[in-house]
Amino acid sequence: MTVAQVAAPARRPARRAGGFGLALVAPTVLLLLLVQAYPLVEGLRLSFTQTALARPRAGSYVGLDNYAELLADPRLGKILWVTLVYTVASVLGSLVLGLVAAMVMNVGIRGRGLLRAILTVPWAAPGVATALVFIWMLDSQYGITNWALTRLPFVDSYQRWLNDPALAMPAVVAVTIWKVFPFAAIALLAALQAIPGELYEAAKVDRATALNRFRQVTMPGIAPTVLTLALFLTIWSFRRFELIWLLTGGGPVDATNTLMIDLYRESFRNRQLGYGSAIGVVGLVLSVAAAVVYFVVSRRLGRRYGGAG
Amino acid sequence: MTAVVTTPAAPESVRPGGLVARLASRLAKSVGILALCVVCVFPVYWMLVTATLPTADLFDRTPELLPRPGDLAVFGDLVSGTPMLRWLANSTIIALGTTVISVAFGVTCGYALSRTRFHGRGVLGFALFVTQMLPEALLVVPLYAVFAALGLLNDLGGLVIVNAAFVVPIIAWMIKGAVDGVPAEIEEAARVDGCPRLATLRFVVLPVIKPSVAAAAVLAFFSAWNEYLFAATFATADAVKPTSVGLTTFIGEFATPMNVVMAGSLLYALPAVVFFMLLQRHVVSGLGAGAVKG
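As given, the protein sequences belong to chains E and Z, one line each in that order.
Just so you know, we're using my numbering here: the first sequence kicks off at 15 and counts up by one.
Just so you know, we're using my numbering here: the second sequence kicks off at 370 and counts up by one.
Chain E with its partners taken away, still in its complex shape:
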């Protein structure tokens, strides 16, 4: 990730030609208005209505009823908790595994290009194909996972990974991390390589321990990247749908029922677009809050490490 080369400002913008620029961006703006902005407003409106899936244009206004119902729903606490657990676990897991992978790769080995290409595989594989192969690999009877684990001396029973309320979340998080950590690894590798080697030399001369070198040289060097990654991984985890939906559908017994899954179930299974939209608005507020936290933290960190953030 080219964190270091943050936007070189447009060099010498050609004469003031407002009309030309506007003409160039107009198609994109129209597309975004139609597919992003308008639905956003429409979603907000729907959240104040009772609207059936079968007749999406014929809803009736019910004021704040959907929100009242949502807040009174005893399941809301569990949904938020599941969302939090899923997000934190998959973000932390991807960051830690990504950092380990980046540090392993950050040595003078030949074929790093090939290694980077191999790391692209999980990230490039379509979510549907990923879900299907993991459903097969995690199959309780014929899956390779159970077979491989029972080869180990201390494991002797097959697990129903995706059907056991206690195991479904760890399994879904593991699949998510598999899919996401390579992105973190490649970004962190770029950040590691941008750290000047002299800093490590100097730390060595000062006889700093490996831990101290990591804390004093590596951490400040990669902090901006880690922060940016953390934000994007959080947003992606928060809004992730297809992997969870296809692996477990939110089950068993709502063990993996995140906000996005519940929103979809309410809208398209229970066929209540209004109630579903209210859940969506709550989700939107939470993701905006995450972005605000990011900007505050990155500004602080930027001040502490005096640089990009």
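Be careful, since some hints might not be right.
As the list claims (entries may be wrong) - So these bits of chain E aren't anywhere near chain Z, every CB distance computed over 12 Å:
{"hint": "1", "residue": "Leu84"}
{"hint": "2", "residue": "Leu85"}
{"hint": "3", "residue": "Pro88"}
{"hint": "4", "residue": "Val169"}
{"hint": "5", "residue": "Gly211"}
{"hint": "6", "residue": "Phe228"}
{"hint": "7", "residue": "Ser281"}
Unchecked claim - Covered by chain Z, according to a simulated footprint, are these stretches of chain E (three or more residues, beta-carbon under 8 Å):
{"hint": "8", "stretch": "133–141"}
{"hint": "9", "stretch": "170–179"}
{"hint": "10", "stretch": "297–310"}
I should point out that these hints are in silico values taken from the structure, not numbers from a laboratory.
Glycine included, every Cβ here is placed at the ideal spot set by N, Cα and C.
Start from chain E and add chain Z according to the hints.
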């Protein structure tokens, strides 16, 4: 010899202990790299292994770990027994349409963000970033209502529009970054020679940023190819289902054996994996640049 060993300033590698430590760390890193590769590739490898198994061997208590090359009958079953070819055709149409629209829009928009001044430029740049944060699952509900009103449900064109809208912001940022790196002098020279501005973009700037455009096209194509949520919600009729939706009809259904399902998944995943591997440097760094610049 001892003099070298005891010299305080000697590099670590010269000390015998240091050498062993270095070898050990080398070994650890090699093992680590090997593990990394296995973890990344295994699920795709397992699709291949399963796809080459005869149906009768799928339920062996001891799975076979190696593929059986030459036993490709299952791909025949896939083509004759499932609508796989139609799914792939639908996916291709959606992905090509998305690529054309989003690259055309993204290039003009990215160029304008880099080289022109217009009212609302800052707002647009920010809006492009914000779209990255809107959860698709949130927009899918109101979009369903909008598309129902416009008659765009069960329509390949409708899916092209949605996919393009979600990938255009990323492409615009990638292209803006690329155009930022092109010296403005080239364009000025062309303009002095009387070249119209749109022609300058087409014939002067575009050739220079070709690698970024190619990366953007690959990203657009496969973001549409891989997309599931909107397709699953909007394309419910068999005639318009793309591969992502078609393959999921196998979940929880026992008529189609797993070797056929894995063969389909492999055929579906392979183009995306291969293209991203070839172009990962451009795509990933472009993505990162877009993300960070926001």
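Status of the hints after comparison with the structure:
| no. | hint | verdict |
| --- | --- | --- |
| 1 | Leu84 | 14 Å, holds |
| 2 | Leu85 | 18 Å, holds |
| 3 | Pro88 | 22 Å, holds |
| 4 | Val169 | 16 Å, holds |
| 5 | Gly211 | 14 Å, holds |
| 6 | Phe228 | 15 Å, holds |
| 7 | Ser281 | 5 Å, violated |
| 8 | 133–141 | holds (count 9) |
| 9 | 170–179 | violated (count 0) |
| 10 | 297–310 | holds (count 5) |
In summary, the numbered hints that this structure violates are 7 and 9.
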